[in-house]
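Asks: These protein sequence lines map, in sequence, to chains U and D. Sequential numbering of the first sequence, starting at 1, is according to my numbering. Sequential numbering of the second sequence, starting at 1001, is according to my numbering.
Treat the hints as calculated values from the structure; they're not laboratory data. Check the hints yourself; a few may be wrong.
Okay, the calculated bits of chain U under chain D, using three or more residues with CB under 8 Å as the criterion [claimed, not checked]:
1) 80–89
2) 255–268
3) 335–347
So the derived list for chain U, only partly shown, Cβ under 8 Å to chain D, looks like this [said to hold, decoys possible]:
4) Ala2
5) Arg20
6) Ser23
7) Arg24
8) Arg389
9) Val391
10) Leu429
11) Arg430
Even for Gly, the Cβ is constructed at its ideal location relative to N, Cα and C.
Here's the letter readout for the chains.
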Amino acid sequence: MAQTARRAMFFRMVTRSLTRRRSRVVIAVLAVAIGATTLFALATIATDIPRQMTREMRVYGGNMLVLPADGQTAFDIGLLDQVDQLIEPDSLIGSAPYRYQTVRLNEQPYLAAGTDLAAVRAISPYWYVEGDWPAVGDEILVGQDIADWIGLVPGDLVELVAAAPQDGPDPASGSTASGSAPAPNQADDADPASHPTPASQSGSASPDDPAPTDDLLASDLTAFFTVSGIASTGGEEDSMIFLELADLEALTQVEGVIEAAEYSIVLNGGQVSQLAETISARIPQVSAAGVTRLTRSDSYVLDLLQGLLGLVTGIVLALTMIGVSTTMMAVVAERRNEIALLKALGATNRSVEQQFLTEGLALGLIGGLLGCGLGYGVAQVVSWTVFHRSVAFNWWLALATVALAAGVSYAASLLPVRRTAQIDPALVLRGE
Amino acid sequence: MNQTGLTGETLLELRQVSKSYGDLHALSQVDLTVPTGQWLSIVGPSGSGKTTLMNIVGAMDKATSGTVLLDGVELSQLRPKDLTTIRRDTVGLIFQKFHLIPHLNAVENVMVAQYYHSMPDEAEALAALTRVGLAGRASHRPAQLSGGEQQRVCIARALINYPKLILADEPTGNLDAANELIVLDLFHSLHAEGTTLIVVTHDPEVARQGQREIALDHGKVVSEVRHG
Ligand SMILES: Nc1ncnc2c1ncn2[C@@H]1O[C@H](COP(=O)(O)OP(=O)(O)OP(=O)(O)O)[C@@H](O)[C@H]1O
Ligand SMILES: [Mg+2]
């Protein structure tokens, strides 16, 4: 009871002092707020922009492609195990193998991709699928353009027709398709061969086996699939068919070879390039390349920002410290008479110090909160002008900023507040 | 009027008290005994050491030599922390310049004294303000009060913890005649309750209100008069 009343009075004295001595308080709060603004703005940009860019890379698909080595058109799927060993498991969001095959549907040739559909979905969450992603075997995704053309809806049963494999399929020679990236991801430095050429129409590996190009032949392989969903991406996927690699292998009776693998890895551009080089060097059968989506200047500015963050944090904290400490010196000097009066009334040095330190802490909290608001505004403006994108408000960062501002303000008040101990209560009667 | 030493006990005793500031002797070998319940007036020219004496008696300053016994405690032996306790528990202070905390309102200024003494109690603080005739001004800040009203807030603050000794340094120095009367009335009622009062004043009329009047000059007690 007594404690509650005392605490309430303490709170009342501190808040009155803060709310009724505005001009002083405003200066002290500004000193903290300017520091907090700078810190919060910089930290927001330095953390949010790269985070956004990483996320966008995920949305756009993978950021690394593994393709057959030069002169090859396909590689053994077993090689992916070796690739995986070179990637930090924590940084891997997902990877999907791709094998391309021209199949006929309603007498028309279309490009089909055999892949790991769950992985594709994880790597490319931006795909719009009407209906469902294939959940079980014998289900496929059909591109929007094909569905429109033929008039397919989810749930339809279709028959896919593939040419029979040539004798002795040789993974190394690549009997399936010419080197190509998974449709949406053209690697910057990958072979620019745009549309994959259908295997059945490309040059055959064994010339003595006449490749039938006519209608359904006895040697053609067929299988029935259910259209589980219609995929629409606005890209080349709209004119493709997607099915599980195992289903495509069963259909074509060729196993174990793929033409590409797409990786989504949480690494920056430079790190991905380095990883790709390592992979290409260690596994001669494949050639890996990073897919860069940031412009060079963007990533340069980001690197600069992150480098500056540490330096600026130090400077800003020091300046805030000096600003608050100077203001508190002035406050203590200005309130000498009040402090003397409190002591004459029986206040101990400790209780006077406690009151002023609490004021210092409160100034820090207010300044920190203000700094988060202002800093977010500044970050938004800078982000729009420099990166043409907006930044998100990070609550953890805000919490850290407020805590830091309060801590610095408290620490900066320690020394000035120590001086109140030297103020003599006899001052009051002398009445300066 | 009451007789000197209502109970016969001594509240304050100064023996050979001196206070020097370098070469300057603000007080020299002052001997003074104040019985409990007495109203003592102190007069003297400017610079004669009146305020210096009040600071020493009020445990806000230490004598250079001599002994000060307040309520049985020898002040010159105490550490700063114990002096704080004496100020808190034994003394109530009233000043010429009213010395209120500018950002607190009237009732909060009274509650500050409660806060450092024991426990703030707004109802009790309001009762003290009522006693000095300021019931309607409790939520006014010092800047919104007249000089007389500010002085009355100080008196309410000085009496809120029932101190044994009230020290007033020129309490009416900045007041008009009407407010001077109000303040003196309050002193009379405190005196009637048994509170010991030491009042420094330049005003012979105010000095005459006390039972006893001493005059200081150059740090020495030069004369003593008994009133009523
Ligand atoms: N802190 C100090 N340092 C040096 N000298 C001081 C100090 N305080 C008081 N004095 C000197 O001590 C002497 C007594 O001062 P004091 O304030 O006690 O006088 P006073 O009787 O209260 O005067 P007044 O009527 O003007 O208030 C004065 O000469 C004053 O200048
Ligand atoms: Mg004086």
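Asks: Now, for every hint given, state plainly whether the structure supports it.
Replies: Results of checking the hints against the structure:
{"no.": "1", "hint": "80–89", "result": "violated (count 0)"}
{"no.": "2", "hint": "255–268", "result": "violated (count 0)"}
{"no.": "3", "hint": "335–347", "result": "holds (count 9)"}
{"no.": "4", "hint": "Ala2", "result": "holds, 4 Å"}
{"no.": "5", "hint": "Arg20", "result": "holds, 4 Å"}
{"no.": "6", "hint": "Ser23", "result": "violated, 12 Å"}
{"no.": "7", "hint": "Arg24", "result": "violated, 10 Å"}
{"no.": "8", "hint": "Arg389", "result": "violated, 46 Å"}
{"no.": "9", "hint": "Val391", "result": "violated, 40 Å"}
{"no.": "10", "hint": "Leu429", "result": "holds, 5 Å"}
{"no.": "11", "hint": "Arg430", "result": "holds, 6 Å"}
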